[in-house]
Amino acid sequence: MDDILQIFFQECDEQLQELERGLSALSDGESEHETVNAVFRAVHSIKGGAASFGLDNLVRFSHVFENSLDGLRSGRFAPTHDVVKTFLKAMDVLSDLVNEARGGAAVDPTRVAESHAELAAINSIGGDHGGAASAATTEDVIPADFSPVPIDFEPVAADFEPIPFDFDFGEEKPAPAAAALRVTFHPHDTLYERGDDARNILIGLADIARECGGEIQTSCDRSALPPLADLVPDKSYVTWHIVLPPEVSEESANAVFDWVSEDCDFSIVRESAEDEVPAEQDGEQAEPAETEAAAAPPPEEERTAEPPAPESALPPAIEALLPMPVAAALDLHAGSATTPPPATGAAQAAARKPEQASIRVDLHRIDDLMDLVGELVIAQAAIESLSRRTDAAGQHELVQSISSMQSLTRDIQDAVMAVRAQPVRAVFQRMQRVVREACSMTGKDIVLTLEGEDTEVDRTLVEKLTDPLTHMLRNAVDHGIESTEARIAAGKPAEGHIVLSAEHRSGRILITIKDDGAGINRQRVFETAVKRGIIPPNAVLSDDEINNLIFMPGFSTAATVSNLSGRGVGMDVVKQAIQSLGGRITISSTPGKGTTFGFSLPLTLAILDGMLIAAGGSTMVIPISSIIETMIVKQSDIYALPDGSNVISIRGDCMPLIPLATALKLSDAPPRDSLDASIILVVENESGARAALIVDEIRDQTQVVIKSIESNYRQIFGVSAATILGDGSVSLILDVSALVASAIGHIDSKPSNTRPELAA
Amino acid sequence: MTEQIELKRATDPRIVKMIVFAIGVQEYCIPILSVREIRGFEKTTTLPFAPPYVCGAINLRGIILTVIDLAIYLNVPPQPDNPRRVAVIVESKDGVVCGLLVDRVIDMADIDLKDVQAVSEEGSCLAGLVLVDDRMIGILRLDTVVGQLVGDTVSE
Numbered sequence: 001m002d003d004i005l006q007i008f009f010q011e012c013d014e015q016l017q018e019l020e021r022g023l024s025a026l027s028d029g030e031s032e033h034e035t036v037n038a039v040f041r042a043v044h045s046i047k048g049g050a051a052s053f054g055l056d057n058l059v060r061f062s063h064v065f066e067n068s069l070d071g072l073r074s075g076r077f078a079p080t081h082d083v084v085k086t087f088l089k090a091m092d093v094l095s096d097l098v099n100e101a102r103g104g105a106a107v108d109p110t111r112v113a114e115s116h117a118e119l120a121a122i123n124s125i126g127g128d129h130g131g132a133a134s135a136a137t138t139e140d141v142i143p144a145d146f147s148p149v150p151i152d153f154e155p156v157a158a159d160f161e162p163i164p165f166d167f168d169f170g171e172e173k174p175a176p177a178a179a180a181l182r183v184t185f186h187p188h189d190t191l192y193e194r195g196d197d198a199r200n201i202l203i204g205l206a207d208i209a210r211e212c213g214g215e216i217q218t219s220c221d222r223s224a225l226p227p228l229a230d231l232v233p234d235k236s237y238v239t240w241h242i243v244l245p246p247e248v249s250e251e252s253a254n255a256v257f258d259w260v261s262e263d264c265d266f267s268i269v270r271e272s273a274e275d276e277v278p279a280e281q282d283g284e285q286a287e288p289a290e291t292e293a294a295a296a297p298p299p300e301e302e303r304t305a306e307p308p309a310p311e312s313a314l315p316p317a318i319e320a321l322l323p324m325p326v327a328a329a330l331d332l333h334a335g336s337a338t339t340p341p342p343a344t345g346a347a348q349a350a351a352r353k354p355e356q357a358s359i360r361v362d363l364h365r366i367d368d369l370m371d372l373v374g375e376l377v378i379a380q381a382a383i384e385s386l387s388r389r390t391d392a393a394g395q396h397e398l399v400q401s402i403s404s405m406q407s408l409t410r411d412i413q414d415a416v417m418a419v420r421a422q423p424v425r426a427v428f429q430r431m432q433r434v435v436r437e438a439c440s441m442t443g444k445d446i447v448l449t450l451e452g453e454d455t456e457v458d459r460t461l462v463e464k465l466t467d468p469l470t471h472m473l474r475n476a477v478d479h480g481i482e483s484t485e486a487r488i489a490a491g492k493p494a495e496g497h498i499v500l501s502a503e504h505r506s507g508r509i510l511i512t513i514k515d516d517g518a519g520i521n522r523q524r525v526f527e528t529a530v531k532r533g534i535i536p537p538n539a540v541l542s543d544d545e546i547n548n549l550i551f552m553p554g555f556s557t558a559a560t561v562s563n564l565s566g567r568g569v570g571m572d573v574v575k576q577a578i579q580s581l582g583g584r585i586t587i588s589s590t591p592g593k594g595t596t597f598g599f600s601l602p603l604t605l606a607i608l609d610g611m612l613i614a615a616g617g618s619t620m621v622i623p624i625s626s627i628i629e630t631m632i633v634k635q636s637d638i639y640a641l642p643d644g645s646n647v648i649s650i651r652g653d654c655m656p657l658i659p660l661a662t663a664l665k666l667s668d669a670p671p672r673d674s675l676d677a678s679i680i681l682v683v684e685n686e687s688g689a690r691a692a693l694i695v696d697e698i699r700d701q702t703q704v705v706i707k708s709i710e711s712n713y714r715q716i717f718g719v720s721a722a723t724i725l726g727d728g729s730v731s732l733i734l735d736v737s738a739l740v741a742s743a744i745g746h747i748d749s750k751p752s753n754t755r756p757e758l759a760a
Numbered sequence: 761m762t763e764q765i766e767l768k769r770a771t772d773p774r775i776v777k778m779i780v781f782a783i784g785v786q787e788y789c790i791p792i793l794s795v796r797e798i799r800g801f802e803k804t805t806t807l808p809f810a811p812p813y814v815c816g817a818i819n820l821r822g823i824i825l826t827v828i829d830l831a832i833y834l835n836v837p838p839q840p841d842n843p844r845r846v847a848v849i850v851e852s853k854d855g856v857v858c859g860l861l862v863d864r865v866i867d868m869a870d871i872d873l874k875d876v877q878a879v880s881e882e883g884s885c886l887a888g889l890v891l892v893d894d895r896m897i898g899i900l901r902l903d904t905v906v907g908q909l910v911g912d913t914v915s916e
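For the protein sequence lines, the chains are Z and S, in the order given.
Residue 760 is where the first sequence ends in the working numbering, and the numbering goes up by one at each step.
Residue 916 is where the second sequence ends in the working numbering, and the numbering goes up by one at each step.
One or more hints might be untrue.
Said to hold, decoys possible - Derived pair list, reagent style DSS-like, types lysine-lysine, alpha-carbon separation capped at 27 Å:
hint, chain 1, residue 1, chain 2, residue 2
1, Z, LYS665, S, LYS853
2, Z, LYS235, Z, LYS444
3, Z, LYS665, Z, LYS707
4, Z, LYS575, Z, LYS531
5, Z, LYS89, Z, LYS707
6, Z, LYS707, S, LYS777
7, Z, LYS707, S, LYS874
8, Z, LYS514, Z, LYS492
9, Z, LYS464, Z, LYS492
Said to hold, decoys possible - So these bits of chain Z aren't anywhere near chain S, every CB distance computed over 12 Å:
hint, residue
10, GLY75
11, HIS116
12, GLU485
13, LEU541
14, GLN579
15, GLU710
16, TYR713
17, ASP727
18, ALA741
None of these hints come from the bench; they were simulated from the model.
For glycine and all other residues, C-beta sits at the position ideal for the given N, C-alpha and C.
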């Protein structure tokens with residue numbers, strides 16, 4: 001049961017994603033039948049699953065949601081902007097309800113009620129011709145095109161409640177006209193345990209019949225009723241057959257059972273369609289009905305099989321023997337009926353612990369991996385046999401073999417990475433909601449466009465991106481985009497626009513958040529920074545440096561602290577979070593045009609392509625991704641600066657020269673008189689600033705496994721992590737950005753990519 | 761019988777098993793429970809901007825840890841050309857692992873805490889002095905030594 005519930009929640013996640021995708025397609029104006037159906041199916045599947053697990057809240061809400069979606073599907077109303085908005089809101093509530101069922105935070109009932117009312121309102125737009133119309137539409141759309149979800153249901157208790165004896169169930173009338181609605185209703189014990197009464201249901205049915213000007217005909221099936229001596233007073237034994245007048249819609253009949261669907265078996269069938277499987281009909285309005293109907297046959301058989309047994313075998317002489325089997329049978333049912341709830345509870349408890357502990361992987365990726373492992377085994381065998389040969393040719397082949405093994409290892413590594421890789425879609429789509437909520441709080445009208453959701457990154461990264469992105473998007477909504485009036489005054493469209501995109505760029509993933517708001521008000525940022533004592537009042541800062549001030553701890557320019565942001569915590573937290581993932585943040589902002597934030601992140605947190613270099617007697621690793629070129633310098637290209645440092649001109653581009661050994665204060669760095677013929681690496685940081693590192697030697701290019709040194713040591717300037725080389729020794733991985741930043745800080749506060757602008 | 765004595769010693773909270781090692785001529789000890797292993801000294805990787813007493817980093821089965829040259833740290837002249845130099849790998853209470861480079865490991869001793877003479881200085885790396893077989897042995901305060909590695913407040 002635990003497992004099945006687990007699967008249900010996984011499916012819910014998938015369905016919610018599907019729903020989100022469908023709804024955003026709808027809001028983009030794509031109202032194809034397929035899209036609408038996909039949306040409908042998603043909600044329907046959630047409802048179906050929820051019903052079989054007895055998740056009442058979820059069932060009720062998704063039921064209403066589904067009804068409204070059905071209106072859309074049958075074309076009663078068009079997917080206008082407002083309608084889609086309401087659906088999106090309902091989707092948020094739905095996903096919260098799923099989370100609640102999983103053991104997450106409880107959902108505020110007012111929110112549910114609000115969304116509930118909105119959905120109902122939508123439904124009434126198109127449904128003013130009354131229930132008959134909707135009944136007609138439901139009937140012709142339902143049957144074929146939805147696939148019932150695979151569901152597991154709680155066994156239906158086969159023991160019944162006594163009927164209240166004051167109730168008159170005597171009358172039996174012939175079945176009326178062909179289109180009459182036939183309702184079969186069998187309450188469970190739990191219905192009475194919950195304080196409800198079968199009588200209420202019958203009265204409810206009578207009421208709707210009266211509304212349509214008809215009357216109900218009730219008959220009671222007492223076949224399951226044991227003789228009085230064997231009757232257990234608090235069991236439910238009878239089943240009612242109610243015939244409703246043809247005017248009554250199935251929907252309204254279903255509504256009567258809305259609150260008791262869990263506690264009774266019921267089916268609602270048009271007389272004419274009686275031969276068909278009832279589930280096909282019921283599925284539309286009430287998934288519970290479908291599950292129940294599907295569930296019904298076996299218990300029904302049991303019911304008819306068992307109770308009659310005592311009846312037929314009733315001669316008083318044997319009566320004494322009877323209690324045994326009957327009791328056993330009852331125990332059995334009681335057992336099967338009572339075990340599921342605790343199991344469900346346990347599953348929820350279990351679901352709370354691991355957040356998505358499993359991932360879904362394309363089969364072909366696993367197959368690729370398997371193939372590679374097979375090759376690895378062969379390569380290993382080849383090396384083993386070669387290593388036994390002693391002749392020179394064998395030696396040569398061994399080297400070849402090892403190098404092919406090397407590429408194999410790399411392929412396996414890539415394959416494993418591919419298995420772990422996940423599209424950023426999951427996180428990105430969550431952001432839609434963040435923006436929607438932020439919009440409703442600030443009263444702004446903003447559209448979030450997602451680009452490159454299929455970009456894949458390691459799943460650890462995907463999870464850790466959620467918080468920073470949430471912060472950034474809230475900020476963009478709250479501070480980035482101006483109020484509607486200000487936008488109109490500035491001649492911009494009233495609707496704000498934010499683009500969230502992801503792409504691969506040279507072995508890293510680049511995530512950008514671009515808004516078309518007012519841009520960063522540098523004047524105000526500067527003033528605020530001075531006021532908060534972050535910078536001295538006479539500081540001279542470049543635009544870029546001012547932009548970066550917003551990442552300082554405790555910085556906030558917002559005039560008022562809003563619910564969303566403005567407390568001055570956030571941006572620095574974002575920066576820390578991104579940096580802890582080995583990423584960097586860049587900002588570019590044009591006043592009046594908008595702001596773009598870029599996160600550049602490594603694809604994986606585990607492995608890095610690096611160049612092995614030697615400087616000051618140590619072997620170090622420089623990430624390949626930050627190296628632009630390597631060369632040997634000529635003395636004529638080097639210019640000394642008054643402070644003793646040097647710059648080098650490479651094809652007309654000047655950049656600081658960093659003697660690596662000295663910059664890292666490695667003790668045994670040999671002093672060099674002439675820089676002529678030194679080996680340099682031209683490196684670049686994320687914002688495009690370059691510097692040249694002088695190294696003693698370039699040794700190799702290799703993949704290294706990143707190891708933290710901070711767990712047992714403090715952070716070292718210029719070093720991002722460490723790794724272990726083939727010979728078992730430790731090698732440091734250099735933090736190129738920090739080195740470049742410090743070198744530029746010495747010589748020129750502007751990154752080199754701004755120079756063309758200055759020259760122009 | 762011996763087991764019982766062992767047990768008695770182990771359960772007596774005032775008696776602590778210490779490992780005794782020497783740096784130069786001076787002997788020091790640390791609680792044996794904080795020692796993970798003892799390794800022969802190997803080549804270390806120099807760390808930039810490290811305080812002089814940090815020899816560098818070594819690889820201990822995939823974990824990178826730093827080695828402290830206790831002779832420099834304690835300002836004691838080390839034995840020259842000592843082939844028995846070993847790194848004692850220790851783990852502090854905070855879970856920080858590091859290596860202590862010592863000249864030689866001598867033996868283990870049961871030290872009764874009531875025999876320990878406190879060193880008055882606060883924040884010192886010595887927790888106290890104890891007399892074992894007429895030898896004065898300093899008890900290292902491991903958390904102070906290791907804590908300096910991780911914290912930013914290292915005096916260089």
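Beyond 12 Å from chain S, beta-carbon-wise, is LEU541/Z? The assertion about LEU541/Z holds, with a minimum of 27 Å to chain S.
Decide, holds or violated, for the assertion that all CB atoms of chain S are farther than 12 Å from the CB of GLU710/Z. violated (8 Å)
Check the non-interface label on GLY75/Z: least C-beta distance to chain S beyond 12 Å or not. holds (63 Å)
Mind checking the alpha carbons of LYS707/Z and LYS777/S for me, to see if they're no more than 27 Å apart? Violated: LYS707/Z and LYS777/S sit about 34 Å apart, past 27 Å.
Hinted pair LYS665/Z and LYS853/S, Cα distance within 27 Å: violated (31 Å)
Given as non-interface: GLN579/Z, partner chain S, CB spacing beyond 12 Å: At about 17 Å from chain S, GLN579/Z clears the 12 Å cut-off, so the statement holds.
Check the non-interface label on HIS116/Z: least C-beta distance to chain S beyond 12 Å or not. Per Cβ check, HIS116/Z is outside 12 Å of chain S; nearest 51 Å; holds.
Non-interface label on ALA741/Z, tested against every C-beta of chain S at 12 Å: At roughly 16 Å from the nearest Cβ of chain S, ALA741/Z sits farther out than 12 Å, so the non-interface label holds.
Regarding the pair LYS235/Z and LYS444/Z, is the alpha-carbon distance no greater than 27 Å? Outside the cut-off at roughly 57 Å; violated.
Given pair status - LYS707/Z, LYS89/Z, alpha carbons within 27 Å: Distance ~44 Å between LYS89/Z and LYS707/Z Cα, so the pair is violated.
Could you grab the alpha-carbon distance between LYS464/Z and LYS492/Z and see if it respects the 27 Å cut-off? Status violated; Cα separation ~35 Å.
Does the structure keep LYS514/Z and LYS492/Z at a Cα separation of 27 Å or less? Roughly 16 Å between the alpha carbons, so the hint for LYS514/Z and LYS492/Z holds.
Against the hints set out earlier in the document, violations occur for numbers 1, 2, 5, 6, 7, 9, 15, 16 and 17.
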